[in-house]
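S.K.: Using the sequences plus the hints, can you model the full thing?
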Amino acid sequence: GQSLEQPSEVTAVEGAIVQINCTYQTSGFYGLSWYQQHDGGAPTFLSYNALDGLEETGRFSSFLSRSDSYGYLLLQELQMKDSASYFCAVIRAGNMLTFGGGTRLMVKP
Amino acid sequence: GAVVSQHPSWVICKSGTSVKIECRSLDFQATTMFWYRQFPKQSLMLMATSNEGSKATYEQGVEKDKFLINHASLTLSTLTVTSAHPEDSSFYICSARDRTGPNYGYTFGSGTRLTVV
Chain A
1 GQSLEQPSEV TAVEGAIVQI NCTYQTSGFY GLSWYQQHDG GAPTFLSYNA
51 LDGLEETGRF SSFLSRSDSY GYLLLQELQM KDSASYFCAV IRAGNMLTFG
101 GGTRLMVKP
Chain B
1 GAVVSQHPSW VICKSGTSVK IECRSLDFQA TTMFWYRQFP KQSLMLMATS
51 NEGSKATYEQ GVEKDKFLIN HASLTLSTLT VTSAHPEDSS FYICSARDRT
101 GPNYGYTFGS GTRLTVV
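Just so you know, the protein sequences line up as chains A and B, in that order. If you read the first sequence in the numbering used here, its first letter stands for residue 1, the second for the next number, and so on. If you read the second sequence in the numbering used here, its first letter stands for residue 1, the second for the next number, and so on.
Rather than coming from a laboratory, the hints here were simulated on the basis of the structure. Cβ coordinates follow ideal geometry from the N, Cα and C atoms, glycine included. Worth double-checking, as some hints may not be accurate.
Covered by chain B, according to a simulated footprint, are these stretches of chain A (three or more residues, beta-carbon under 8 angstroms) [to be verified]:
1. 43–50
2. 72–80
3. 100–108
M.R.: And the structure:
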């Protein structure tokens with residue numbers, strides 16, 4: 001089966017940097033994705049890592065270590081609008097996504 | 001970018017009735033669409049994979065006779081919740097991937113909040 005573990009909640013202040021970790025166990029691993037979801041909204045794609053290393057997209061970066069079955073999402077220069085839930089998701093055979101439990105990020109002024 | 005349109009955005013129905021949810025890929029062809037269910041403050045759980053022109057593949061524990069999926073064209077997939085009960089109340093979301101896109105990002109519909117009373 002598949003399982004993904006990530007912290008349930010993280011709190012940080014505006015302007016800070018926060019890292020959300022994700023460990024996974026899965027068969028047929030293709031890559032690790034990150035999605036953002038605001039309350040009542042649909043998930044939106046943030047990043048994808050298929051190979052080891054760091055991918056940077058503006059204020060957001062994502063890292064993957066396939067040997068450690070581990071990845072993280074790094075959010076820099078936090079803004080109030082970044083308050084949302086963040087999900088790591090494994091892409092597996094059949095192009096199916098399996099989501100982690102989600103991390104609720106609260107950004108305080 | 002790729003857009004998936006989902007309707008309705010919310011629906012309230014009486015227990016025992018059926019509800020149909022539609023998902024359309026607006027500017028790309030989606031041979032495969034995925035249907036998820038999300039309970040409040042929980043993760044997205046994959047219900048089924050919808051394949052154009054063939055039967056859907058359901059995840060373990062999902063009743064195929066209760067959640068009917070039809071994917072009659074490359075741009076339209078529907079989920080029908082039959083004989084709905086209050087425990088079916090949830091947020092239902094579809095997603096698809098534009099294979100011509102630059103990355104492995106999946107596009108999600110805006111979701112349908114179903115309340116069964």
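S.K.: Give a verdict on every hint.
M.R.: Status of the hints after comparison with the structure:
Counting residues of the stretch 43–50 of chain A whose beta-carbon sits less than 8 angstroms from any beta-carbon of chain B gives 5, enough to reach three: the coverage restraint holds. Chain B is given as covering the stretch 72–80 of chain A, and this is violated because 0 residues of the stretch bring a CB closer than 8 angstroms to a CB of that chain, at least three being needed. Interface restraint, the stretch 100–108 of chain A with chain B: holds (4 residues with C-beta to C-beta distance below 8 angstroms; minimum three).
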